[in-house]
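Residue numbers (full-length UniProt numbering): 1 to 300.
Quick caveat, the hints were computed from the structure, so don't treat them as lab data. All values reported here derive from a predicted model rather than from experimental measurement. We put the CB at the ideal spot given by N, CA and C, even for glycine. Just to be clear, a hint being listed does not mean it is correct.
What follows is a set of in silico ranges between Cβ atoms, one per label pair, in the way DEER data are often shown [what the hints assert, rightly or not]:
1. THR145 <-> GLY197: 49 to 59 Å
2. THR145 <-> TRP172: 57 to 67 Å
3. GLU105 <-> TRP173: 18 to 28 Å
4. TRP172 <-> LEU234: 51 to 61 Å
5. GLN196 <-> GLU101: 34 to 44 Å
6. GLN171 <-> GLY226: 29 to 39 Å
7. SER143 <-> GLY197: 27 to 37 Å
8. ARG135 <-> GLY110: 16 to 26 Å
9. LYS200 <-> CYS94: 50 to 60 Å
Derived lysine-lysine pairs resembling DSS-like cross-links, with alpha carbons at most 30 Å apart [to be verified]:
10. LYS200 <-> LYS182
11. LYS217 <-> LYS176
12. LYS206 <-> LYS217
13. LYS222 <-> LYS210
14. LYS182 <-> LYS210
15. LYS217 <-> LYS182
16. LYS208 <-> LYS193
17. LYS222 <-> LYS209
18. LYS176 <-> LYS210
19. LYS210 <-> LYS200
20. LYS210 <-> LYS193
21. LYS206 <-> LYS193
22. LYS182 <-> LYS208
23. LYS206 <-> LYS176
24. LYS193 <-> LYS217
25. LYS200 <-> LYS222
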Amino acid sequence: MQSTKRKASSELASPQQKRLRLGDYKDDERALPTGSTQGLTATSSFSTASQSPAGPQSPPGSPLRRQSPQPNHPSTSSAVEVEEEEEADDELLCRIQSGIEYVHEQQSKGEAIMQTTRFELTTKSPSPALDLLRRHATLVHTSTTHEVYELGVPRPDWVTAGILTGLHDPQWWLNKTVAEVKAGPHAEENDVKRAQGHLKGLQTRKNKKKVLTAREKEIEWKLREGARRQEMSLRMCDSDPEETDDESEIEEVWVGGGYESEESEEEEEMPVKRRQRTMAAKAPRSRLRLSVIQEVEDEN
């Protein structure tokens, strides 16, 4: 009986992975006396209560129930966040290192630093990026939680690592065609082709406008002719040659019931003549030609 108790106590003192299952305990109860079984049950209940004090305790005399261990796996979201933080730290380090190299290169050439940027880092936990900035950058502002440093950096299109997507250089349009400039700094091949078609259409419409219509030609001729006459002090309108001849030859005046010509005294002795002449009567909108029959009689 004493050897059996020693065996049971040694089994309870062994680690949890090596303990017997519930069925094995039942098999041992058949071989053990009544006193040993009660001692085994009491000891088992005590060990269970000591391992999980927060859980419910089994009453004395009840069989031992083994609790299934819960696996302790790290959450997927936390692992992803850690990876993203590591990638961000790598990009930040590359950006700072490229800035330090750029500053040293400009200083060795004796040239000025063309562009700078500022880095704001937390001081809660030390990091390689913060150490680099403290040694090589210029301190701008410090607080209990953050530190701001300014450092010269190369143009974004010269940095091989750590570039933020979407940035472009102010001189991106150099050595590019008109279509590439119109398409933009981030244009693809299809965008460039679309811009070429648009520019070609604009040039075609511009070439068509160079051919003057008949109306435009007439307006252009009148403008040139008016300028020429103004420079030469000429009349700005032309008169009808027939009207000029008729008006210069004779002038009619209205007397009583008809027209009477004013002629010189020498012409009064001429015999009576009947002649038909055309006289132009000026109207507001159109010229009407009236046929006037003049009779010249000898008063004698």
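Structure-based check of each hint:
Checked against the hint of 49 to 59 Å, the pair THR145 and GLY197 passes, with Cβ atoms roughly 55 Å apart. In this structure the hint that THR145 and TRP172 lie 57 to 67 Å apart at CB is violated, the actual value being about 38 Å. In this structure, GLU105 and TRP173 meet the distance hint of 18 to 28 Å, their C-beta atoms being roughly 25 Å apart. Take TRP172 and LEU234: their Cβ atoms lie about 60 Å apart, and the range 51 to 61 Å holds.
Between GLN196 and GLU101 the beta carbons are some 40 Å apart, a value that agrees with the proposed interval 34 to 44 Å. The supplied range of 29 to 39 Å is broken by GLN171 and GLY226, whose beta-carbon atoms lie about 51 Å from each other. Between SER143 and GLY197, the C-beta spacing of about 56 Å breaks the proposed range 27 to 37 Å. In this structure the hint that ARG135 and GLY110 lie 16 to 26 Å apart at CB holds, the actual value being about 23 Å.
Range check, LYS200 to CYS94: Cβ separation about 43 Å, and the 50 to 60 Å hint is violated. Restraint check for LYS200 and LYS182: satisfied, since their Cα atoms lie roughly 13 Å apart, inside the 30 Å limit. Under the criterion of a C-alpha separation no larger than 30 Å, the hint pairing LYS217 with LYS176 is inconsistent with the structure, at around 40 Å. For the hint linking LYS206 to LYS217, the alpha-carbon distance of about 18 Å falls within 30 Å, and the restraint holds.
Annotation: proposed proximity of LYS222 to LYS210 holds, straight-line Cα distance about 19 Å (limit 30 Å). Restraint check for LYS182 and LYS210: satisfied, since their Cα atoms lie roughly 25 Å apart, inside the 30 Å limit. A hinted pair counts as satisfied when its Cα atoms are at most 30 Å apart, and LYS217 with LYS182 does not qualify at roughly 36 Å. Between the alpha carbons of LYS208 and LYS193 the distance comes to roughly 23 Å, so the proposed pair stays at or under 30 Å and holds.
Proposed proximity of LYS222 and LYS209 is supported: the alpha carbons are some 20 Å apart, at most 30 Å. For the hint linking LYS176 to LYS210, the alpha-carbon distance of about 29 Å falls within 30 Å, and the restraint holds. For a cut-off of 30 Å, the pair hint linking LYS210 to LYS200 stands: about 16 Å separates their Cα positions. Of the supplied pair hints, the one linking LYS210 and LYS193 holds, its CA atoms being roughly 27 Å apart against a limit of 30 Å.
With a CA separation close to 20 Å, the supplied pair LYS206 and LYS193 stays within the 30 Å bound. Note on LYS182 and LYS208: the hinted pairing holds, with a Cα-Cα distance of about 23 Å set against a maximum of 30 Å. Pair hint LYS206 plus LYS176 holds up; C-alpha atoms about 23 Å apart against a cutoff of 30 Å. Note on LYS193 and LYS217: the hinted pairing is violated, with a Cα-Cα distance of about 38 Å set against a maximum of 30 Å.
Straight-line distance between C-alpha atoms of LYS200 and LYS222 comes to about 34 Å, which puts the hinted pair past the 30 Å bound.
Against the hints set out earlier in the document, violations occur for numbers 2, 6, 7, 9, 11, 15, 24, 25.
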